[in-house]
Amino acid sequence: MRILLLGGTGAMGRHLTQILASIQNEISVTSRKIRDNLKNVTFIQGDAHDEEFLYSVLRQDFDCIVDFMVYNTEEFKRRAEKMLSLTKQYIFISSARVYADSKASIKEDSPRLLDICDDTEYLLTDEYALSKARQENILFESKHKNWTIIRPYITYSENRLQLGVMEKEEWLFLALYGNALFFSKDISSHLTTLTYGYDVARGISAIVGKENAFGEAFHITGNHCSIKWSEAFELYKEVLAKNGILPKVYEPEICSRISNSYMKYQVIYDRYFDRVFDNSKIANFIDTSTFIKPLDGLAKSLDEFLENKTFLYTSVSNGIKEAVRNYGVRIPVSKIKGSKQKLKYILVRLGLLR
Numbered sequence: 024m025r026i027l028l029l030g031g032t033g034a035m036g037r038h039l040t041q042i043l044a045s046i047q048n049e050i051s052v053t054s055r056k057i058r059d060n061l062k063n064v065t066f067i068q069g070d071a072h073d074e075e076f077l078y079s080v081l082r083q084d085f086d087c088i089v090d091f092m093v094y095n096t097e098e099f100k101r102r103a104e105k106m107l108s109l110t111k112q113y114i115f116i117s118s119a120r121v122y123a124d125s126k127a128s129i130k131e132d133s134p135r136l137l138d139i140c141d142d143t144e145y146l147l148t149d150e151y152a153l154s155k156a157r158q159e160n161i162l163f164e165s166k167h168k169n170w171t172i173i174r175p176y177i178t179y180s181e182n183r184l185q186l187g188v189m190e191k192e193e194w195l196f197l198a199l200y201g202n203a204l205f206f207s208k209d210i211s212s213h214l215t216t217l218t219y220g221y222d223v224a225r226g227i228s229a230i231v232g233k234e235n236a237f238g239e240a241f242h243i244t245g246n247h248c249s250i251k252w253s254e255a256f257e258l259y260k261e262v263l264a265k266n267g268i269l270p271k272v273y274e275p276e277i278c279s280r281i282s283n284s285y286m287k288y289q290v291i292y293d294r295y296f297d298r299v300f301d302n303s304k305i306a307n308f309i310d311t312s313t314f315i316k317p318l319d320g321l322a323k324s325l326d327e328f329l330e331n332k333t334f335l336y337t338s339v340s341n342g343i344k345e346a347v348r349n350y351g352v353r354i355p356v357s358k359i360k361g362s363k364q365k366l367k368y369i370l371v372r373l374g375l376l377r
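Sequence positions in the sequence shown follow this note's numbering and run 24 to 377.
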């Protein structure tokens with residue numbers, strides 16, 4: 024098969040590329056960076072948000088498109104029908120963040136936030152969970168039925184390790200270079216579901232080309248993958264200690280993002296929920312009992328990251344600003360990438376930037 028991955032270089036995409044290429048598919052992957060081609064894999068440099076670039080790529084004949092891009096709703100509306108009409112199967116990577124809070128294990132037909140939330144202020148936004156649900160609706164309402172929706176939840180890998188709402192570029196960067204490890208108590212007590220990117224990629228691969236997956240939505244998580252965030256936090260501390268890294272631990276009561284008028288929604292409408300999933304639907308295509316358990320996978324991924332310590336970016340985030348302002352944390356300026364971020368950090372240290 025000829026398969027196109029739009030933006031397929033992240034925690035799931037890079038694994039999916041390897042899996043699909045290993046079984047003799049011809050894979051094309053869009054990437055904003057120049058990358059060397061691999062066996063059965065061609066990288067196409069360009070930004071798939073650019074519609075001219077996208078349509079030039081789509082002129083090729085692909086049997087399947089797997090779309091990892093993050094769109095706003097209007098942007099997706101402009102291109103959805105075009106992509107559906109130019110391939111045999113369009114796989115849309117949505118998110119399990121679309122689901123509302125649930126006391127029962129979440130199934131694919133469980134209520135979505137968009138459908139039952141009564142927070143009018145929130146509903147006026149196109150925040151990630153709402154945006155993904157609105158884009159799903161565009162597919163549901165399409166005259167084409169050759170789509171499949173995938174709803175991964177929190178997916179980790181060697182280059183992506185999350186702690187609550189923080190990427191490793193925030194919490195782990197602070198631990199390594201600021202000697203401070205932060206995690207708020209309001210999130211740590213909740214259940215989450217963490218799945219290794221390779222296992223999610225295996226699940227996506229299992230439905231590629233399957234007509235009985237057309238017009239269907241699936242979440243892909245493993246069995247027994249629900250743990251408390253506090254367990255992930257303790258695991259991270261253990262792995263860091265094993266590697267000789269012993270940062271000071273701070274546990275503020277409330278996540279710093281709550282004070283941000285937009286970023287607070289990820290906390291309120293996801294991380295404050297207990298997330299447990301029923302995996303029986305995707306289990307018709309792949310044995311989810313073979314997925315690695317989260318604590319084992321997180322330990323392996325963090326160990327591998329610590330061998331190279333390569334951060335994808337540096338951002339003087341809310342968490343870093345809080346650490347500097349409220350706890351006196353100091354990070355060597357040399358460790359911060361980019362002149363703008365260096366200046367931002369210096370201004371925060373001087374108390375000139377809130």
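Hints are computed from structural coordinates only; laboratory data are not their basis.
A portion of the hints provided could be inaccurate.
[Said to hold, decoys possible] No more than 25 Å apart at the CA atoms, straight line, and that leaves these computed lysine to aspartate or glutamate pairs for DMTMM-like: (1) 100 x 49; (2) 358 x 319; (3) 304 x 138; (4) 316 x 164; (5) 271 x 164; (6) 287 x 141; (7) 105 x 124; (8) 100 x 59; (9) 208 x 84; (10) 168 x 209; (11) 358 x 209; (12) 260 x 274; (13) 251 x 181; (14) 332 x 310; (15) 111 x 274; (16) 323 x 141; (17) 360 x 326; (18) 251 x 234; (19) 105 x 274; (20) 358 x 239; (21) 130 x 164; (22) 344 x 274; (23) 130 x 326; (24) 166 x 138; (25) 208 x 164; (26) 287 x 297; (27) 304 x 276.
[Unchecked claim] Computed spacing ranges between beta-carbons, pair by pair: (28) 160 x 80: 23 to 33 Å; (29) 104 x 239: 28 to 38 Å; (30) 160 x 361: 14 to 24 Å; (31) 266 x 123: 34 to 44 Å; (32) 126 x 274: 41 to 51 Å; (33) 168 x 295: 43 to 53 Å.
Ideal Cβ placement from N, Cα and C applies to all residues, glycine included.
Going through the hints against the structure:
no., hint, result
1, 100 x 49, "28 Å, violated"
2, 358 x 319, "30 Å, violated"
3, 304 x 138, "22 Å, holds"
4, 316 x 164, "37 Å, violated"
5, 271 x 164, "52 Å, violated"
6, 287 x 141, "16 Å, holds"
7, 105 x 124, "34 Å, violated"
8, 100 x 59, "32 Å, violated"
9, 208 x 84, "51 Å, violated"
10, 168 x 209, "42 Å, violated"
11, 358 x 209, "30 Å, violated"
12, 260 x 274, "13 Å, holds"
13, 251 x 181, "21 Å, holds"
14, 332 x 310, "33 Å, violated"
15, 111 x 274, "50 Å, violated"
16, 323 x 141, "41 Å, violated"
17, 360 x 326, "23 Å, holds"
18, 251 x 234, "37 Å, violated"
19, 105 x 274, "48 Å, violated"
20, 358 x 239, "46 Å, violated"
21, 130 x 164, "21 Å, holds"
22, 344 x 274, "15 Å, holds"
23, 130 x 326, "33 Å, violated"
24, 166 x 138, "22 Å, holds"
25, 208 x 164, "41 Å, violated"
26, 287 x 297, "17 Å, holds"
27, 304 x 276, "38 Å, violated"
28, 160 x 80: 23 to 33 Å, "26 Å, holds"
29, 104 x 239: 28 to 38 Å, "19 Å, violated"
30, 160 x 361: 14 to 24 Å, "38 Å, violated"
31, 266 x 123: 34 to 44 Å, "39 Å, holds"
32, 126 x 274: 41 to 51 Å, "27 Å, violated"
33, 168 x 295: 43 to 53 Å, "36 Å, violated"
In terms of the numbered hints stated before, the structure departs from hints 1, 2, 4, 5, 7, 8, 9, 10, 11, 14, 15, 16, 18, 19, 20, 23, 25, 27, 29, 30, 32 and 33, listed from lowest to highest.
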